[in-house]
Amino acid sequence: MIKRVNSTGRKRIPRERIMIEVFDGDPRTFEATIDLSDFEAPKNAHVVLEATCAGSNTIPRFDWGTVGDLQPAANRQLTGLSGRNVFFSLKIIDRTERAGRILGLAEVIRPIKGGEKTATGRRGILPVESTDLGHEPWRLDFRSEDVYLLVNEKIPDLKDRVRADALVYSLIYPPVIRQILARAMDEPVDEDDGNDDWATLWLKFGCTLHSEKSKAPINGTEEDREEWISDVVDAFCRDHDLAGKLLRHAQSNVREEAV
Amino acid sequence: MRLRRFNEAGIKAFREELALLRANPERDPDPQLLEHRELTEVVTPEVQIVAEYFKTKAEVARYLTAILGKLPTSSVEQDAGLWTWLSLLFFDSVCNRTQGKWSVKNDYYYIFAPRNNRHFYRHLLFISWHMLRLAPKSNRLFLSSPLATLPKVISEVAMRLYITRIPAVFEVLDRLYWDESRNRHRVGITETRVHAGDLTHRFPLRIRQLEKTYDLMSLDADQLIQLLGDEFAFGRPRTAKLFEDAI
Numbered sequence: 447m448i449k450r451v452n453s454t455g456r457k458r459i460p461r462e463r464i465m466i467e468v469f470d471g472d473p474r475t476f477e478a479t480i481d482l483s484d485f486e487a488p489k490n491a492h493v494v495l496e497a498t499c500a501g502s503n504t505i506p507r508f509d510w511g512t513v514g515d516l517q518p519a520a521n522r523q524l525t526g527l528s529g530r531n532v533f534f535s536l537k538i539i540d541r542t543e544r545a546g547r548i549l550g551l552a553e554v555i556r557p558i559k560g561g562e563k564t565a566t567g568r569r570g571i572l573p574v575e576s577t578d579l580g581h582e583p584w585r586l587d588f589r590s591e592d593v594y595l596l597v598n599e600k601i602p603d604l605k606d607r608v609r610a611d612a613l614v615y616s617l618i619y620p621p622v623i624r625q626i627l628a629r630a631m632d633e634p635v636d637e638d639d640g641n642d643d644w645a646t647l648w649l650k651f652g653c654t655l656h657s658e659k660s661k662a663p664i665n666g667t668e669e670d671r672e673e674w675i676s677d678v679v680d681a682f683c684r685d686h687d688l689a690g691k692l693l694r695h696a697q698s699n700v701r702e703e704a705v
Numbered sequence: 087m088r089l090r091r092f093n094e095a096g097i098k099a100f101r102e103e104l105a106l107l108r109a110n111p112e113r114d115p116d117p118q119l120l121e122h123r124e125l126t127e128v129v130t131p132e133v134q135i136v137a138e139y140f141k142t143k144a145e146v147a148r149y150l151t152a153i154l155g156k157l158p159t160s161s162v163e164q165d166a167g168l169w170t171w172l173s174l175l176f177f178d179s180v181c182n183r184t185q186g187k188w189s190v191k192n193d194y195y196y197i198f199a200p201r202n203n204r205h206f207y208r209h210l211l212f213i214s215w216h217m218l219r220l221a222p223k224s225n226r227l228f229l230s231s232p233l234a235t236l237p238k239v240i241s242e243v244a245m246r247l248y249i250t251r252i253p254a255v256f257e258v259l260d261r262l263y264w265d266e267s268r269n270r271h272r273v274g275i276t277e278t279r280v281h282a283g284d285l286t287h288r289f290p291l292r293i294r295q296l297e298k299t300y301d302l303m304s305l306d307a308d309q310l311i312q313l314l315g316d317e318f319a320f321g322r323p324r325t326a327k328l329f330e331d332a333i
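Chains as they are written, first to last, in this note's numbering: chain A, 447 to 705; chain B, 87 to 333.
Pulled out of the complex, with its shape left as it was, chain B reads as follows (with noise of 0.2 Å):
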């Protein structure tokens, strides 16, 4: 299948099709909304497409980087049309599905608003790309959950722009708050109560006075990770203590 964007007409379409599919569960998306030569359009230079299933966000991150790289990032980043279009391509990873009912979410999970600052990092299949792009290492806070919900770890991250903006950031992230032992994000960082060293108070807190002083910008991940304080010394790299350990 070539790869297309919905209009606005489209997007219309398939924002009611979500409506549908919430009060009837149990009926499957319209697939023909895909190729509707009304409310839709083929995307320019021309790409193939298929639709498969992707169960993490790693994988279609993955898929998503190869097949969108002939397109050029700066329109693809504001496109729509186009990231709505692939929600209802791949529904089917971006939509939970239980006893055969459809588990369909806010609307801003599969509709795109690139211009609405609370609303554009909620797309499931943007928010993939996006992330896989601004963090092409060390990114498995972000991308090694289900494609089909988003933990609170990716939206304190994400909405905050004075954080992904920082190059160094993710692999500062990934050092303070994944746990190696769970292979998962260590628990408790997200908590809606302060704690030291905590991803959702204290580190943005703590980003915020250092983008002060500090070009945070020209910083590498020990740097970083050096001046945001004793608060956060879990992340730096351990040395065996002389003798302790060695014994």
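Chain A with its partners taken away, still in its complex shape (with noise of 0.2 Å):
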């Protein structure tokens, strides 16, 4: 089992300096402006910039000139990323000294500005996707850059549900909790402070939740972990109040199918 992971200096870059703006089309298209005028890197350091988003099979790449002279690429299509969720990581990489060392990274960047196709604005913790499920209501992908909760496409408005029908999340959202914060404790995550890829963020989460504030035991015995989490999950519902949620919605079924 893997916890931390030392990432030879790289340095963070913070998000506000890369403005992406994604254009509806067929693929979509995308414009970005970086600031790196104090990054603090060779000025022949490697820029790139990628894009994912959930549900999709390829993460396309492109290449942005240098840290000294900023070039962005000439096709800045989204080819095969068809969610609305897309986001990008930007990477300087040292291709000299050392073999494509990453000296800053700036990960899970939202688009400022979109089409009607794209989701903007600040990231949440957890990103709903409808995608094609087979016959799966819904599903978690766990991704290098985030986790996200998919449901099934087919189910009109599940996506709009998670988040509003008390009926639908009181019964997703504790098994959802439960999963990613399992997964969570097994990422590497870096030794990085400032850190906050994705697990690293639901750890925290669920530290605010948890009845004594207690921080993950990740180095833990396996009980130990199943007894934090449950903890967690426990106190998630009870803040919530799903339990009686449900039992209130079940209640005003019986109620309807009497009359």
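In short, the hints are calculated from the structure, not lab data.
Be aware that a few hints might be false.
Claimed, not checked - In silico negatives: residues of chain B with every beta carbon more than 10 Å from chain A:
1. M87
2. A95
3. I97
4. Q118
5. R123
6. E124
7. A144
8. D178
9. G186
10. K223
11. S224
12. T235
Claimed, not checked - Derived, one-sided and incomplete: chain A residues facing chain B with beta-carbon distance under 7 Å:
13. T577
14. D578
15. G580
Stated by the list, open to error - Mimicking SDA-like on lysine to any residue, the simulated pairs with C-alpha atoms at most 20 Å apart in a straight line are:
16. K191(B) / G580(A)
17. K98(B) / E582(A)
18. K600(A) / R101(B)
19. K98(B) / D578(A)
Note that beta-carbon positions come from the ideal geometry of N, C-alpha and C, so glycine has one too.
If you follow the hints, you should be able to join the two separate chains into one complex; please do so.
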């Protein structure tokens, strides 16, 4: 089981330095404004943007020149990405001193502007995406950059109902949180204090919910981990009164049937 | 015959055909579905295709790469109707038949679901074509097996985009996991239990660690194997030790 990763001096690039606008089309395209004026890196270090979204089987990559000479990629098509939640990563790469070492990184950059096909604005802790899930109503998609709740596109409005329908979210969220926290504890997490990758965010979220505000027992036994997760899930259900909401929903159905 | 694709009703009809074959494995799939006017359409630009028999994934991958070369890759890799139609055309190759009975597996081996990230890589024809495209060289781990099967060594790699997107990874995998003496992949690399240097557990985990620090896209195979660490040292080129090997 791995826990911590030494990133050999990689620096975090504030997301605010990268402004991205996505344009509708088939495929969608994008424009990016990148400010690396005070980023300490060799001028010849390479700059690369990568795009991804839940459910996609590709990660388009765009060469953006060097730190000293930023040059937008000629082809900025988001081919193969069909979901609404498109995220970008910016990497500054040293290809001289050591083979392909990452000097700077900004992850999970969400477009500030987009057309109708693209979600914009602040990143939520659990992006929801409609996609082809065969016969499965919902599923979690754990990717390097984030975790997504995928919902079956064949079920009308399920994407909205997981947020608004008490019956749906009461049943979905407890196992969702349980699965994510279990997975987050096994993710390679960077030692960087400012780290905000999905696993770190979820474990912090769990810590705030935990009855004793305990940190996740990443190096604990299997029993320790399960106990911590159960405590967090129970707190989440209590705070949102999930059992009560489900009960009231069931009772209202019984009354309707009686009428 | 002209290359065609199923429309939605055609895919549904083929799914029903698979169910019928499971219920009655001695019958043959209905060949009329292939050119049914209401269930299929001709792919444009038009391409001629022949219903051949392919024993291995490598054979069909080379054939399909040539046949589909005229079509835009980005649309081919999302074309559920095309790949599903091809499954029916090459049904003899993608479905085993023993003692006159078809052994029909899950639908996703024959019906392509490009947006379902747990099923897309299980389509037997698509994955053959796809792996050859990703790995024009160093692909024997993935393409030497019989077409009608999906060995775990393929699914363990194909399901992980963070692995398949690394250009040098296929040469690395070949060097790590191909057993030259037995002409097949090394034994034990996809076991449920964790082994040092295995493909199922340790390799993906190590890649996830390394991608935090290195731009794996720009590494060559030697560099990547070096970074993987001593656990994977068996994939490094062997150099003769002075005197010992020379004697």
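Each hint tested on the structure:
For M87(B), the requirement that its beta carbon stay farther than 10 Å from each beta carbon of chain A is met, with the minimum near 29 Å. Every C-beta of chain A lies more than 10 Å from that of A95(B), the closest at about 16 Å, which supports listing it as non-interface. Once the 10 Å rule is applied to beta carbons, I97(B) is consistent with being away from chain A; the minimum gap is 12 Å. Residue placement check: Q118(B) keeps its beta carbon more than 10 Å from all beta carbons of chain A (closest about 27 Å).
Every CB of chain A is more than 10 Å from the CB of R123(B) (nearest about 27 Å), matching its label as outside the interface. With a closest Cβ-Cβ approach of about 23 Å to chain A, E124(B) is found to remain outside the 10 Å limit, as its non-interface label requires. Remark: the non-interface label on A144(B) is consistent with the geometry, its nearest Cβ contact in chain A lying 22 Å away (cut-off 10 Å). Listed as outside the interface, D178(B) is consistent with that label: its C-beta sits roughly 26 Å from the nearest C-beta of chain A, beyond the 10 Å cut-off.
Every Cβ of chain A is farther than 10 Å from the Cβ of G186(B); the closest lies at roughly 31 Å, confirming the non-interface assignment. A cut-off of 10 Å between C-beta atoms confirms that K223(B) is not in contact with chain A; the least separation is 21 Å. Every beta carbon of chain A lies more than 10 Å from that of S224(B), the smallest distance being close to 20 Å; the non-interface claim holds. In this structure T235(B) is separated from chain A by more than 10 Å, as the shortest Cβ-Cβ distance comes to about 21 Å.
Hint status for T577(A) relative to chain B: holds, with the closest Cβ pair at about 5 Å, below 7 Å. The criterion of a C-beta within 7 Å of any C-beta in chain B is met by D578(A), whose closest approach is roughly 4 Å, and the hint holds. Residue-level restraint check for G580(A) holds (minimum Cβ-Cβ distance to chain B is 6 Å; threshold 7 Å). Taken as a hint, the K191(B) and G580(A) pair is honoured in the structure, with Cα atoms around 16 Å apart against an allowance of 20 Å.
Annotation: proposed proximity of K98(B) to E582(A) holds, straight-line Cα distance about 18 Å (limit 20 Å). Taken as a hint, the K600(A) and R101(B) pair is honoured in the structure, with Cα atoms around 17 Å apart against an allowance of 20 Å. With a CA separation close to 15 Å, the supplied pair K98(B) and D578(A) stays within the 20 Å bound.
Of the hints listed earlier, there is not a single one the structure fails to meet.
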